[in-house]
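J.: Quick mapping for you: the protein sequence lines, in order, are chains A and B. If you read the first sequence in the UniProt record's numbering, its first letter stands for residue 1, the second for the next number, and so on. If you read the second sequence in the UniProt record's numbering, its first letter stands for residue 1, the second for the next number, and so on.
Fair warning: there could be bad hints in the mix.
Said to hold, decoys possible - Capping the alpha-carbon separation at 27 Å, the derived lysine-lysine pairs in BS3-like fashion look like this:
(1) Lys201/A <-> Lys148/A
(2) Lys232/B <-> Lys22/A
(3) Lys232/B <-> Lys148/A
What the hints assert, rightly or not - A partial selection of chain A residues facing chain B, derived with a Cβ cut-off under 10 Å:
(4) Phe16
(5) Glu44
(6) Gly46
(7) Glu130
(8) Met132
(9) Lys137
(10) Val140
(11) Gly141
(12) Gly160
(13) Arg165
(14) Thr186
(15) Ile224
(16) Val242
(17) Pro307
(18) Gln340
(19) His341
In case anyone wonders, no lab produced these hints; they're calculated from the structure. Where a beta carbon is used, it is the ideal one built from N, C-alpha and C, also for glycine.
Take a look at the letters that make up each chain.
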Amino acid sequence: MMNDTILQVKDLVVDFNTYAGKVQAIRNISFDLKKGETLAIVGESGSGKSVTTKTLMGLNAENARIAEDSQLIFKGNDLSKLDAKGWQKIRGNEIAMVFQDPMTSLDPTMKIGQQIAEPILKHQNVSKAEAMEQALKLMVGVGIPEPKEHINDYPHQWSGGMRQRAVIAIALAANPDILIADEPTTALDVTIQAQILRMMKDQQAKYHSSIIFITHDLGVVAGIADRVAVMYAGKIVEYGTVDEIYFNPQHPYTWGLLDSMPTTDTKQGSLEAIPGTPPDLLYPPKGDAFANRNQFALAIDHEQQPPFFKVSDSHYAATWLLDERAPKVTPPAPILQRWQHWHDMQAQGV
Amino acid sequence: MTTDKTSKLVEIKNLDLTFNQGRSNAVHALENISFDIYEGEVFGLVGESGSGKTTLGRTILKLYQASGGQILFDGQDVTKLKGRALSDFRKDSQMIFQDPHASLNSRMKVEDIIAEGIDIHHLAKSKADRDAQVLHLLDLVGLNKDHASRYPHEFSGGQRQRIGIARALAVDPKFIIADEPISALDVSVQAQVVNLMKDLQKKHSLTYLFIAHDLSMVKYISDRIGVMHWGKLLEIGPADAVYNHPLHPYTKSLLSAIPVPDPEAERQRQAITYNPSRESDGQERSMVEVGDGHFVLATPVEAEEYRKDQK
Ligand SMILES: Nc1ncnc2c1ncn2[C@@H]1O[C@H](COP(=O)(O)OP(=O)(O)OP(=O)(O)O)[C@@H](O)[C@H]1O
Ligand SMILES: Nc1ncnc2c1ncn2[C@@H]1O[C@H](COP(=O)(O)OP(=O)(O)OP(=O)(O)O)[C@@H](O)[C@H]1O
Ligand SMILES: [Mg+2]
Ligand SMILES: [Mg+2]
Numbered sequence: 001m002m003n004d005t006i007l008q009v010k011d012l013v014v015d016f017n018t019y020a021g022k023v024q025a026i027r028n029i030s031f032d033l034k035k036g037e038t039l040a041i042v043g044e045s046g047s048g049k050s051v052t053t054k055t056l057m058g059l060n061a062e063n064a065r066i067a068e069d070s071q072l073i074f075k076g077n078d079l080s081k082l083d084a085k086g087w088q089k090i091r092g093n094e095i096a097m098v099f100q101d102p103m104t105s106l107d108p109t110m111k112i113g114q115q116i117a118e119p120i121l122k123h124q125n126v127s128k129a130e131a132m133e134q135a136l137k138l139m140v141g142v143g144i145p146e147p148k149e150h151i152n153d154y155p156h157q158w159s160g161g162m163r164q165r166a167v168i169a170i171a172l173a174a175n176p177d178i179l180i181a182d183e184p185t186t187a188l189d190v191t192i193q194a195q196i197l198r199m200m201k202d203q204q205a206k207y208h209s210s211i212i213f214i215t216h217d218l219g220v221v222a223g224i225a226d227r228v229a230v231m232y233a234g235k236i237v238e239y240g241t242v243d244e245i246y247f248n249p250q251h252p253y254t255w256g257l258l259d260s261m262p263t264t265d266t267k268q269g270s271l272e273a274i275p276g277t278p279p280d281l282l283y284p285p286k287g288d289a290f291a292n293r294n295q296f297a298l299a300i301d302h303e304q305q306p307p308f309f310k311v312s313d314s315h316y317a318a319t320w321l322l323d324e325r326a327p328k329v330t331p332p333a334p335i336l337q338r339w340q341h342w343h344d345m346q347a348q349g350v
Numbered sequence: 001m002t003t004d005k006t007s008k009l010v011e012i013k014n015l016d017l018t019f020n021q022g023r024s025n026a027v028h029a030l031e032n033i034s035f036d037i038y039e040g041e042v043f044g045l046v047g048e049s050g051s052g053k054t055t056l057g058r059t060i061l062k063l064y065q066a067s068g069g070q071i072l073f074d075g076q077d078v079t080k081l082k083g084r085a086l087s088d089f090r091k092d093s094q095m096i097f098q099d100p101h102a103s104l105n106s107r108m109k110v111e112d113i114i115a116e117g118i119d120i121h122h123l124a125k126s127k128a129d130r131d132a133q134v135l136h137l138l139d140l141v142g143l144n145k146d147h148a149s150r151y152p153h154e155f156s157g158g159q160r161q162r163i164g165i166a167r168a169l170a171v172d173p174k175f176i177i178a179d180e181p182i183s184a185l186d187v188s189v190q191a192q193v194v195n196l197m198k199d200l201q202k203k204h205s206l207t208y209l210f211i212a213h214d215l216s217m218v219k220y221i222s223d224r225i226g227v228m229h230w231g232k233l234l235e236i237g238p239a240d241a242v243y244n245h246p247l248h249p250y251t252k253s254l255l256s257a258i259p260v261p262d263p264e265a266e267r268q269r270q271a272i273t274y275n276p277s278r279e280s281d282g283q284e285r286s287m288v289e290v291g292d293g294h295f296v297l298a299t300p301v302e303a304e305e306y307r308k309d310q311k
């Protein structure tokens with residue numbers, strides 16, 4: 001089974017040096033990615049999702065420092081030890097990324113068609129004309145209307161969502177082993193979003209490639225992910241299969257996340273927000289970082305970081321509530337409903 | 001649109017805009033768009049990516065020049081504003097931009113970005129007052145005082161978006177065009193920001209044009225909703241009517257594609273596909289009121305069908 005794993009992240013720690021001090025953006029996270037699977041990373045703004053994935057592309061800001069003991073094992077090699085030349089072979093080729101801000105990854109002075117053709121030219125042995133032909137096909141695939149008329153446009157002539165689709169086309173052009181997609185569809189309407197997600201899934205099925213998908217949209221996660229990791233303040237607080245996270249969530253932060261998602265049935269004035277703000281990562285708290293916003297926090301949450309407790313072979317959560325000595329708490333009603341549903345699913349042997 | 005319950009803050013009449021007119025890559029981005037935004041309401045604008053939502057917002061704020069039509073703000077034609085009236089318009093109407101990265105000056109500290117409008121319009125009595133206002137705004141959008149002296153690149157995508165919101169709120173505007181103000185935020189912060197925008201709306205009787213792709217969120221915040229596709233406004237109506245009784249097939253398709261936070265439901269999803277060919281069939285269409293305040297772009301024959309459909 002081991003060789004089914006394409007990527008193993010072990011004890012990743014990333015700090016940023018700033019004038020104000022050391023920002024502890026990633027505070028020791030570990031996870032695996034299997035061949036052909038889609039792992040979704042969800043979590044609060046600023047929790048470290050983008051830093052994690054930029055680390056996997058060797059693209060962190062200059063003031064970033066990855067701790068010595070961190071390991072990023074990709075196909076047997078530790079990426080954290082790569083030099084600039086080594087990264088060039090991997091980046092945009094074996095691991096490709098769709099960035100959160102489309103404008104930062106598009107060159108404003110270069111025609112979009114050329115930008116899509118570039119990775120094809122770089123990594124495949126084809127003529128320029130053929131690369132442009134493939135670029136055109138990708139533009140059709142990501143739903144750009146009248147692509148022939150717009151292949152010579154510059155990025156500022158495209159709408160936000162069209163630029164985002166250009167960036168997706170560039171990443172897919174490389175046909176990577178791992179596609180990292182950081183909020184790839186937030187600027188898209190739901191119909192085009194559905195089309196793009198289908199296209200990513202098709203390419204994944206065809207080449208048995210893996211996807212790391214970062215999004216705030218729990219609806220999208222429900223549709224695309226096999227497994228989900230929930231991040232908070234530089235740590236993974238819970239991970240499991242998509243069904244385990246949606247129907248049997250254990251960490252109070254995951255509860256809050258699931259509760260603050262509106263549906264079209266949500267009545268005005270009744271949207272639940274998690275109160276308070278996340279901790280400043282210049283001075284992370286010593287206990288569970290979520291404790292001061294957590295109505296279910298125990299005394300120990302303020303003192304000591306919870307370890308991972310096993311819920312099932314595939315499901316782990318870092319909350320003291322799972323310790324056998326912890327008092328039984330009753331989660332919010334919508335979460336109880338989810339648990340009830342989980343119970344029914346188990347009973348039916350789904 | 002005939003209802004005149006409250007006063008109109010923004011009136012848009014037959015607005016038209018073509019980019020690159022006369023060239024092979026010409027784009028007819030806005031096509032004969034007419035609608036009003038009432039004082040104190042949230043008008044939600046949804047639609048296909050590339051349908052012209054941002055262009056419409058920018059044209060209303062005079063950041064783009066319309067090719068035809070008229071925009072009235074508080075009864076005044078915005079193209080004719082000059083001097084004091086123009087400066088007031090620039091203060092009273094603010095935009096929260098779609099791309100937080102591109103819209104924040106990377107060489108300015110966060111406090112100066114937020115206070116830019118305060119400085120331009122001389123809204124602070126003293127340095128201490130300016131600092132206090134900035135701190136208050138940071139707090140409003142869920143950032144803290146340590147963030148004031150940092151630069152935009154030190155922030156995550158969602159944090160940058162909140163800086164943009166604080167900047168727009170700083171000058172105490174009447175009208176805010178929020179272009180995807182929450183799409184870069186995680187759901188819990190989205191809820192905070194949307195609740196915040198609603199609170200501010202009540203307190204300061206703000207009016208919003210709220211552009212977003214998240215249909216659940218748009219429905220939650222909006223009084224009325226407009227649906228755009230290919231430069232045209234296809235449907236307008238009260239939020240509940242548009243969601244519960246969508247008329248235009250594009251609206252129906254859009255609503256059927258909303259992802260739901262339920263893996264089981266997602267595995268069984270049935271989306272309605274939309275065939276846009278009818279939009280280029282050359283037939284004359286106009287906005288027809290089919291339900292109470294609920295309009296749809298239709299030929300007389302289509303209007304009859306929509307009416308039947310409603311019953
Ligand atoms: N170059 C940098 N210097 C200092 N701090 C940084 C830098 N880059 C990121 N950070 C900090 O690291 C933390 C994690 O940021 P990251 O971009 O990974 O968040 P995120 O989870 O992707 O959030 P979002 O959902 O808003 O995109 C944040 O607190 C951010 O302020
Ligand atoms: N400066 C420009 N020059 C040429 N064409 C442009 C320019 N800005 C926008 N367009 C075109 O006008 C159309 C509408 O763009 P707009 O940005 O308004 O779309 P949108 O509805 O905001 O889309 P999104 O949801 O993707 O942000 C698109 O076809 C776009 O390519
Ligand atoms: Mg991010
Ligand atoms: Mg836009």
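J.: Do the numbers back the hint for Val242/A, that is, is its least Cβ distance to chain B under 10 Å?
T.: Check passed: Cβ of Val242/A comes within 5 Å of chain B, closer than 10 Å.
J.: Measure nothing beyond the straight line between the CA atoms of Lys232/B and Lys22/A; if it is 27 Å or shorter, mark the hint as holding.
T.: violated, 50 Å
J.: Can you verify the interface hint for Gly141/A: is its Cβ closer than 10 Å to any Cβ in chain B?
T.: violated, 15 Å
J.: Is the hint on Thr186/A kept, meaning its closest Cβ partner in chain B is under 10 Å away?
T.: holds, 4 Å
J.: Close enough to count: is the Cβ of Pro307/A nearer than 10 Å to one in chain B?
T.: violated, 25 Å
J.: Does Phe16/A meet its interface restraint, that is, does its C-beta lie within less than 10 Å of any C-beta in chain B?
T.: holds, 8 Å
J.: Lys201/A and Lys148/A: Cα distance at most 27 Å?
T.: Between Lys201/A and Lys148/A the Cα gap is close to 26 Å, so the pair holds against 27 Å.
J.: Taking the closest Cβ pair, is Glu130/A under 10 Å from chain B?
T.: Check failed: Cβ of Glu130/A comes no nearer than 24 Å to chain B, outside 10 Å.
J.: Against chain B, is Met132/A within 10 Å by beta-carbon distance?
T.: Violated - the Cβ of Met132/A stays beyond 10 Å from chain B, reaching only about 17 Å at its closest.
J.: Return the status of the interface hint for Ile224/A: holds when the least beta-carbon distance to chain B is below 10 Å, violated otherwise.
T.: Given a least distance of 8 Å, the restraint on Ile224/A holds.
J.: Minimum Cβ distance from Lys137/A to chain B below 10 Å?
T.: violated, 19 Å
J.: Please verify whether Lys232/B and Lys148/A have alpha carbons no more than 27 Å apart.
T.: holds, 23 Å
The structure fails to meet hints 2, 7, 8, 9, 10, 11, 17 and 18 from the earlier list, while all remaining hints are met.
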